[in-house]
Amino acid sequence: MVLMMKLIRQCGYILITIVVVASTANRVIGEDIVIAKLRYGGGGDWYANPTSLPNLHYEVENRTGISMADIEEDVVVSLSDPNLQSYPIINITGHGRIAFTEEERRALVDYLKGGGFLHADDNYGMDEYFRAEMEAIFGEGCLVELPKSHLIYHCFYDLDGLPKIHEHHGGPPKGYGIFIDGRLCVFYSYNTDLSDGWEAPEVHNDPPQKREMAYQMGTNIVVYTLTH
6 MVLMMKLIRQ CGYILITIVV VASTANRVIG EDIVIAKLRY GGGGDWYANP
56 TSLPNLHYEV ENRTGISMAD IEEDVVVSLS DPNLQSYPII NITGHGRIAF
106 TEEERRALVD YLKGGGFLHA DDNYGMDEYF RAEMEAIFGE GCLVELPKSH
156 LIYHCFYDLD GLPKIHEHHG GPPKGYGIFI DGRLCVFYSY NTDLSDGWEA
206 PEVHNDPPQK REMAYQMGTN IVVYTLTH
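Residues in the sequence shown are numbered consecutively from 6, following the numbering used here.
Derived by calculation from the structure, the hints in this document are not laboratory data. Just so it is clear, CB atoms sit at the ideal spot from N, CA and C, and this is done for glycine as well. Hints are supplied without guarantee of correctness; some may be wrong.
[Said to hold, decoys possible] Derived DEER-like restraints, expressed as beta-carbon distance ranges:
id, residue 1, residue 2, range
1, V149, G175, 21 to 27 Å
2, E207, P152, 33 to 39 Å
3, P152, G46, 32 to 38 Å
4, D50, E108, 19 to 25 Å
5, I185, Q214, 34 to 40 Å
6, P212, P55, 17 to 23 Å
7, D186, A74, 25 to 31 Å
8, L164, A74, 22 to 28 Å
9, H233, G130, 27 to 33 Å
10, K179, P212, 19 to 25 Å
[Said to hold, decoys possible] Once the Cα atoms are required to be at most 30 Å apart in a straight line, the calculated DSSO-like pairs of lysine-lysine come out as:
id, residue 1, residue 2
11, K153, K169
12, K153, K179
13, K169, K179
14, K118, K179
15, K179, K215
16, K153, K215
17, K169, K215
18, K153, K118
Sequences and hints are given; from them, build the entire structure.
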């Protein structure tokens with residue numbers, strides 16, 4: 006698989022487009038790919054970082070040739086949305102409490118088993134609530150730390166694990182995953198805040214190298230999702 010991804014990088018846009026179309030044909034035929042922002046209950050600010058996903062869409066297409074939707078604001082979806090399966094990737098972030106209903110929990114499992122992918126990005130403050138929801142759905146210990154050798158860190162850009170973007174509190178960044186039938190279907194970026202790095206440069210005044218690291222990791226998440 007590593008060799009395959011090296012060939013993708015070497016051969017350029019055409020090969021990666023073929024792989025993406027083959028992997029997502031049952032959900033996005035004839036449509037540009039959208040990463041949807043997940044609206045949730047509980048009082049947390051699910052709407053945080055409003056420029057992040059539009060910027061990430063632009064960067065992923067510019068860097069890989071994957072046809073991403075040209076969006077000026079978040080495309081918002083809830084777990085009860087009948088069109089949930091239309092989105093190959095959904096993103097959840099925020100600073101506070103997250104609460105799903107039992108119906109939403111079942112819908113998330115169906116979405117993931119149907120080939121969907123959830124990227125959770127801790128925006129400092131959601132960790133305990135996100136973990137509690139995942140354990141309520143998948144059981145205690147469901148979130149496992151991914152080694153730096155995992156392909157999500159190497160599938161397009163060759164990274165040394167999860168990059169650190171914002172110093173909300175001490176310690177290294179950590180990437181966690183949940184697997185269903187051997188497939189990574191949830192990726193949780195903790196203690197880094199990738200979404201802040203994807204925001205417009207004037208929002209957080211991050212140095213260019215930090216924003217570049219965030220975009221490289223974001224690109225890897227999209228490429229990994231669409232090829233697995």
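Hint check:
no.: 1; hint: V149 to G175: 21 to 27 Å; in the structure: 22 Å, holds
no.: 2; hint: E207 to P152: 33 to 39 Å; in the structure: 36 Å, holds
no.: 3; hint: P152 to G46: 32 to 38 Å; in the structure: 34 Å, holds
no.: 4; hint: D50 to E108: 19 to 25 Å; in the structure: 23 Å, holds
no.: 5; hint: I185 to Q214: 34 to 40 Å; in the structure: 35 Å, holds
no.: 6; hint: P212 to P55: 17 to 23 Å; in the structure: 22 Å, holds
no.: 7; hint: D186 to A74: 25 to 31 Å; in the structure: 29 Å, holds
no.: 8; hint: L164 to A74: 22 to 28 Å; in the structure: 25 Å, holds
no.: 9; hint: H233 to G130: 27 to 33 Å; in the structure: 30 Å, holds
no.: 10; hint: K179 to P212: 19 to 25 Å; in the structure: 22 Å, holds
no.: 11; hint: K153 to K169; in the structure: 13 Å, holds
no.: 12; hint: K153 to K179; in the structure: 10 Å, holds
no.: 13; hint: K169 to K179; in the structure: 9 Å, holds
no.: 14; hint: K118 to K179; in the structure: 24 Å, holds
no.: 15; hint: K179 to K215; in the structure: 16 Å, holds
no.: 16; hint: K153 to K215; in the structure: 19 Å, holds
no.: 17; hint: K169 to K215; in the structure: 8 Å, holds
no.: 18; hint: K153 to K118; in the structure: 25 Å, holds
When the structure is compared with the earlier hints, no violation turns up for any of them.
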